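> Sequences are here, hints too, so could you generate the full structure?
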Amino acid sequence: MGDLSDGRLDRLLKQAFPAVDVSPDFTLRLWHRLMRGAGRPPWMVPAPVAALAAGIGLWLGLWSWSSGTAAADPSVAVLGRMERLDLFGNAPLDSVAGSYLKLTRDQ
Amino acid sequence: MNSDDHELIAGVASRDPEAFRALMERHASGVINLAYRFLGTVADAEDVAQDVFFRLYQHPPRLSPSGKLFTWLYRVTVNRCLDLLRQRPAGGKLLSLDEPPAGGEESERPLAEKLAAPAGSSARDQAVQAEMVTLTRRAIAALPVPLRLPLILSTFEELSHEEIGQILGLSPKAVERRLARARELLKQRLAPHL
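These protein sequence lines are chains Z and V, in that order. Just so we're aligned, residue 622 is where the first sequence starts under the working numbering, counting upward by one. Just so we're aligned, residue 705 is where the second sequence starts under the working numbering, counting upward by one.
Please keep in mind that the hints were generated in silico from the structure rather than gathered at the bench. Please read all numbers here as calculations on a predicted model, not as lab measurements. Take these hints with a grain of salt, some might be off.
[As the list claims (entries may be wrong)] Listed next, with one range per pair, are the computed distances between beta-carbon atoms:
| # | chain 1 | residue 1 | chain 2 | residue 2 | range |
| --- | --- | --- | --- | --- | --- |
| 1 | Z | Leu679 | V | Pro769 | 44 to 54 Å |
| 2 | V | Gln762 | Z | Ala674 | 20 to 30 Å |
| 3 | Z | Leu679 | V | Ala884 | 26 to 36 Å |
| 4 | V | Ala845 | Z | Ser644 | 21 to 31 Å |
| 5 | V | Leu767 | Z | Pro667 | 35 to 45 Å |
| 6 | V | Arg828 | Z | Pro667 | 49 to 59 Å |
| 7 | V | Val849 | Z | Leu679 | 32 to 42 Å |
| 8 | V | Ser768 | Z | Arg654 | 26 to 36 Å |
| 9 | V | Glu861 | Z | Gly682 | 23 to 33 Å |
| 10 | V | Arg792 | Z | Asp646 | 43 to 53 Å |
| 11 | V | Glu729 | Z | Gly678 | 43 to 53 Å |
| 12 | V | Pro850 | Z | Gly658 | 53 to 63 Å |
| 13 | V | Glu861 | Z | Gly676 | 43 to 53 Å |
The beta-carbon is built from N, C-alpha and C at its ideal position, and this holds for glycine as well.
Below, the structure is given as structure tokens:
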């Protein structure tokens, strides 16, 4: 087993990773990126923010639909039942017959 | 030198392109080389450096009067390198061990070609040296990250324990202990080949 002094170890490390030069197009690429970054319109929100907003909107929509706010209004009650049928293709078992019968009676 | 950095950062904060260019000329090489020695490839190192200087331009740091810009730059560089390693799938290429080191006209020749070279003494020496380079790169890559970082900052950037501690969020004593452990491990791994 050879003896490895601190000085020799340092030399080996420096031989393994000699310094690299900055590539000629490094600055140019960065300027292009900065120009794109600075020119982003304010309505372009970052993806996580857009996803969060979409999620909140979807949740609020489902909540208001399932809590029956639409069904409470007699003018949209029938429409609400129709949407349920269309959305799932087959409505919940306990309401398919009732909804259908009520719909036909209303009409 | 340090006060110049403060003036240049003030210039960057007021969107002075010349100030930003001057900071890049002064620090780009250090940032790229730090990332290269940690990640192992020049392409990855330049990507990291792009992110670092992009952030410097978008959000210039507020340094204390005694604060040094390079500690902020190196801290951001290290964090970005760690992010990059985390984003990669397990088994991804972390350090290009079989790739010759950048720089030098001999670096383009693969090790196998060097070993097959005529038995002249210089060719044999080159082959042995190339093999040591590969072994050293493997030994560095095998070091745990908490040991590898202080070693790179100390050996290549020649920073003091206190400066390394500022970059990595460690006490100088902890840096000293990690450096001693890193060197010990490297010697254990490399000594049998000497």
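> Would you list, in rising numerical order, the hints stated earlier that this structure does not obey?
Structure breaks hints 3, 5, 9, 10, 12.
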